[in-house]
Amino acid sequence: MREINLENIVDFIRLLRYSGFRVGLSEDIDVGRAIIGIYRFSSSIKAINDLREVLRIILVKNPDQYEVFDKLFDRFWLYGDPLEERAERRVEVRIIREEGSLDPVSRFLSIYSPLEVRGRTPREISIDGRARHTIRRAIRMLRRRLSTEPGVRMRISSRGRLDFPLSYREALSTFGEVIRLRRSRRKISRSHFVFLIDVSGSMEDSWESIARLLKSIRGFPIGSYEVFLFSTGIIRATENIVEGEVAIKRILAESGVWGSGTRIGEALDRLIKEYRKFIGRTSVVIIVSDGWDLGDLDLLDRSLSALRGSVRRILWLSPYAGKKGFAPETACLRIAIKHVDSILPADILHNISILRRYLRSIR
Amino acid sequence: MVEIDLGSLSVDDILKILSSVGYIADRRIAIAVYLAIRLEKPLLVEGEPGCGKTELAKALAKALGTELIRLQCYEGLDASKALYEWDYPRQLIAIRLLEGSSKPEDIEREIYSEKYLLKRPLLRAALSKGPLPPVLLIDEIDRADEEFEALLLEFLSEFQITIPELGTMRASRKPIVILTSNRTREVGDGLRRRCLYLYISYPDRDRELEIVRRKIPDIPDRLAQEVVDAVRIMRSIDGIAKKPGISETIEWARALKELGYRELSSEAIRLTLSVILKLPEDMEKIDPQEILSKIKR
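Line order of the protein sequences matches chains Z and X.
Per the numbering used here, the first sequence starts with residue 22, numbered consecutively.
Per the numbering used here, the second sequence starts with residue 820, numbered consecutively.
Source of the hints: derived by calculation from the structure; they are not laboratory data.
Idealized CB from N, CA, C, for every residue including glycine.
Wrong hints could be hidden among the right ones.
Lysine to any residue pairs mimicking SDA-like chemistry, simulated, CA-CA at most 25 Å apart [what the hints assert, rightly or not]: (1) X:LYS900 to Z:LEU193; (2) X:LYS1061 to Z:GLU198; (3) Z:LYS92 to X:ARG847; (4) X:LYS1061 to X:ARG1004; (5) X:LYS934 to Z:SER194; (6) X:LYS1062 to Z:GLN86; (7) X:LYS900 to Z:ALA192; (8) X:LYS1062 to Z:PRO242; (9) X:LYS993 to Z:ASP49; (10) Z:LYS270 to X:ARG1002; (11) X:LYS938 to Z:ALA192; (12) X:LYS934 to Z:LYS92; (13) X:LYS934 to X:SER991.
Estimated spans, in silico, between C-beta atoms of each pair [claimed, not checked]: (14) X:ARG889 to Z:TYR189: 20 to 30 Å; (15) Z:ARG355 to X:SER1085: 57 to 67 Å; (16) X:ASP897 to Z:GLU275: 23 to 33 Å; (17) X:LYS922 to Z:ARG207: 40 to 50 Å; (18) X:ASP906 to Z:GLY244: 33 to 43 Å; (19) Z:GLU225 to X:SER1055: 26 to 36 Å; (20) X:ARG1041 to Z:ARG207: 53 to 63 Å; (21) X:GLU904 to Z:ASP226: 48 to 58 Å; (22) X:LEU917 to Z:SER210: 38 to 48 Å; (23) X:GLU1029 to Z:ASN26: 34 to 44 Å; (24) Z:ALA327 to X:VAL840: 54 to 64 Å.
Please model the entire structure based on the sequences and the hints provided.
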C-alpha cells in the first residue's frame, strides 16, 4: 500500500489526467487543501477508503467514470503500480487481398449480409470535451434554426395574447402611465429531433462519429429527442442514451442490429407502425446512413413517403456526401432524394463551418 | 439547540447530526458534506429520483439549525426569479404618492432603495445574517436553461450580485450550497468543475431498512423487511420506466401499515401498487405473486 502524502497524490492526479480525466489546477488545489489542511490521513485501510471518497468527490464529476477511477485507484494506491506514461500510438491497418481470399463481391456480401449478427459489440470510442462541445453546439444550432414547437419564452406579437406584466414594465418608461397594451406569444424555439442511425456492417467505419454523436446527444433534455438504431431491424435506444455508453453497447449486442445487413425500408416501416407515438408533425428526422440497402426498395419508397407526410423535415446524413465525386446514385439514395429535404455530409454535426453553410442555405 | 461550530465538525460528527434529524447517510455522503463545508465549495448531488438528494439539504439545514433557502429550478427560470426583482407595483404607487411633493431625483432615490427590492433566493442566501451560513438548495438544476447555468457560474464563484441601481452586494460568508440534478440533461462542464460531485444511488438493503424503521418507528419488522425486499425486486425488473426511490418505499410501507397489514400478501401488493409505481405501464409489468415468491424464497 502506498503512503498517503502530497507527492503520491500529485502522481495519482497525473495518472488520472493521463487516463483521460479532466482535472484542472483548481481541483489539484482543492485536493491539496482537503488532504493536507483538513483531512489528515494515516495509512490504514480506513484512511485509504476515505481517501478514495475524497478524491472521487473532488476529481470525478461523472458517475460513468467511477469504475475506471476505482480501478486506477486500486492499481496505484493498493498495488503500488508505478506511474507509466506511454506515447499514444496509432496503428494503421491495411487489408491486402491475398490469393485464395474472398473476392470483393463475396466480401461485400459478407459485410452487407441482410442477416442479423447477435452478440457483437462495437469498439470503445472516447470523446474529448472539445469534440463533444462541437457536436452539442451543432445540434443546438440545428435545433434553433429548425425549431418547430413553441418554447417557454415570449415574443411581442400583434396576434398574441394580452401581456399585462410586459405592458406595465414598459409603462415604467412613461412614469407608470400605460400608453399601449402589449401582446405576446410563445417563441417557436423548441424542436423534436428523431435520429435514425444506421449501425449495419457497412457503417462500421463510421462508428467513431456515430458513437460521438450518441454520447453528445445524451445531455439534451429528455423528450426533445428520440434515437433509433437500425440495420435489418430497428430498436428504440432513447432510454439507453440517457443511461450511458454501457447501456448503448448492451442494447446493440442484445438486439443484433450492430454490424448486421441493411434493410432501411423495413426499418422505416416498423418505425411508422410500431413507434408512431415517438414521432409527430413537428419532428425533424435525421437519418444517418450510407444508403447501402439490400432490402425491398418499393417498401423503402412507400415508407419514406409515409414518413415525409408525418413529420416536418427529413435530413439524410451520409458519410460519403460532400466528398469528391459523390452523387446519390445508389438505388436507395435515388429513392431517398425524392422524399428527404436534404442529403448532407455526416460530418455536418462535427464541423460547424459546414453546418453554417447549410443553415445559410435554408429558408 | 446547541450552536454548532462548523470549523470543528468532523465526518463522524456530520454522520451523527444527520442521523439525529432522521437522515441516515453513509460515510461517502458525510465526507462530501464535510468537504463542501470545509472547502466552501458547492456540492452537486446527482442520482435517481427519490434517493434523498433534496432531503440531504433539508436535513443538513435542520441538523445545523440554520436557514434553508430553496431555489426550485424550471425551464425559463431567469435572474429576476433567482436573484432579485424590483417591486414594480409598489414603485408605481410610490411614484404616484410622491408626485408633486418631491423632486424627481428624490423619487428616483426612493423607488430604487432596498425597500423596493424583492430578494430572490440567491440574493437572500448571499445576504443572510444568521449565526451560521444558510444552506442554499438549488434544486433540479437540470431543469433550468443553460443560460441560467451561466448566471450561476458567476454567482457561485464570487458570491456577489451587482444591482446597477444599488451597487455590488457581496456575501459576508459563503452559504453552504447544494445543487441537485436528476440527470434529465447533462449539467455543463463549467458548473461541474466548480462543484464537488456526489452521485447518490439506491442505498443497500440494510440502510434502506434502517431508513424505513427510522421514518416509521412502529412498523412491524417483518413488513418493513418484506417491503424493502419487494421494492428492490421491482427496481431490478427490466423496463420499469420510473423506478421507485426511497421516498416511495417509505410511502408504501406507511400505507401498508395504515391499512393494517403485518406482512406482504399478493392482495396487499395489488391494492397498493399505485403508491409505489406511478405509471400504468410499469404496474402492468408487476406480478404480485412472483414478487412474493422471490421474497419468501
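Verification of the hints:
The hinted pair formed by LYS900 (chain X) and LEU193 (chain Z) meets the criterion: a straight-line CA distance of about 19 Å does not exceed 25 Å. Distance restraint check for LYS1061 (chain X) and GLU198 (chain Z): the Cα-Cα separation of roughly 51 Å exceeds the 25 Å cut-off, and the hinted pair is therefore not satisfied. Between the alpha carbons of LYS92 (chain Z) and ARG847 (chain X) the distance comes to roughly 18 Å, so the proposed pair stays at or under 25 Å and holds. A hinted pair counts as satisfied when its Cα atoms are at most 25 Å apart, and LYS1061 (chain X) with ARG1004 (chain X) qualifies at roughly 16 Å.
In summary, the hint linking LYS934 (chain X) to SER194 (chain Z) is supported, as the alpha carbons are separated by about 21 Å, within the 25 Å threshold. Only pairs whose Cα atoms come within 25 Å are accepted, and LYS1062 (chain X) paired with GLN86 (chain Z) is accepted, the gap being roughly 23 Å. Among the hinted pairs, LYS900 (chain X) with ALA192 (chain Z) is consistent with the structure: their alpha-carbon atoms are about 21 Å apart, no more than 25 Å. The hinted pair formed by LYS1062 (chain X) and PRO242 (chain Z) meets the criterion: a straight-line CA distance of about 19 Å does not exceed 25 Å.
The straight-line distance between the Cα atoms of LYS993 (chain X) and ASP49 (chain Z) is roughly 21 Å, inside the 25 Å bound, and the hint therefore holds. A hinted pair counts as satisfied when its Cα atoms are at most 25 Å apart, and LYS270 (chain Z) with ARG1002 (chain X) qualifies at roughly 20 Å. Taking the CA atoms of LYS938 (chain X) and ALA192 (chain Z), the gap is near 23 Å; set against the 25 Å cutoff, the hint holds. Among the hinted pairs, LYS934 (chain X) with LYS92 (chain Z) is inconsistent with the structure: their alpha-carbon atoms are about 57 Å apart, more than 25 Å.
As the CA atoms of LYS934 (chain X) and SER991 (chain X) are separated by approximately 20 Å, the hinted pair is consistent with the 25 Å bound. Evaluation of the 20 to 30 Å hint for ARG889 (chain X) and TYR189 (chain Z) yields a pass: the beta carbon distance comes to about 28 Å. Between ARG355 (chain Z) and SER1085 (chain X) the C-beta distance comes to about 59 Å, which sits within the given range of 57 to 67 Å. Restraint check, ASP897 (chain X) to GLU275 (chain Z): a C-beta distance of roughly 44 Å breaks the suggested window 23 to 33 Å.
As the Cβ distance of LYS922 (chain X) to ARG207 (chain Z) is approximately 43 Å, the hint placing it in 40 to 50 Å holds. At roughly 36 Å, the beta carbons of ASP906 (chain X) and GLY244 (chain Z) sit within the given window of 33 to 43 Å. Under the hint 26 to 36 Å, the C-beta atoms of GLU225 (chain Z) and SER1055 (chain X), about 33 Å apart, fit the expected range. Taking 53 to 63 Å as the suggested C-beta distance range, the pair ARG1041 (chain X) and ARG207 (chain Z) conforms, at roughly 54 Å.
Distance hint check: the CB atoms of GLU904 (chain X) and ASP226 (chain Z) are about 55 Å apart, consistent with the given range 48 to 58 Å. Checked against the given bound of 38 to 48 Å, the beta carbons of LEU917 (chain X) and SER210 (chain Z), roughly 41 Å apart, stay inside it. Between GLU1029 (chain X) and ASN26 (chain Z) the beta carbons are some 37 Å apart, a value that agrees with the proposed interval 34 to 44 Å. Checked against the hint of 54 to 64 Å, the pair ALA327 (chain Z) and VAL840 (chain X) passes, with Cβ atoms roughly 59 Å apart.
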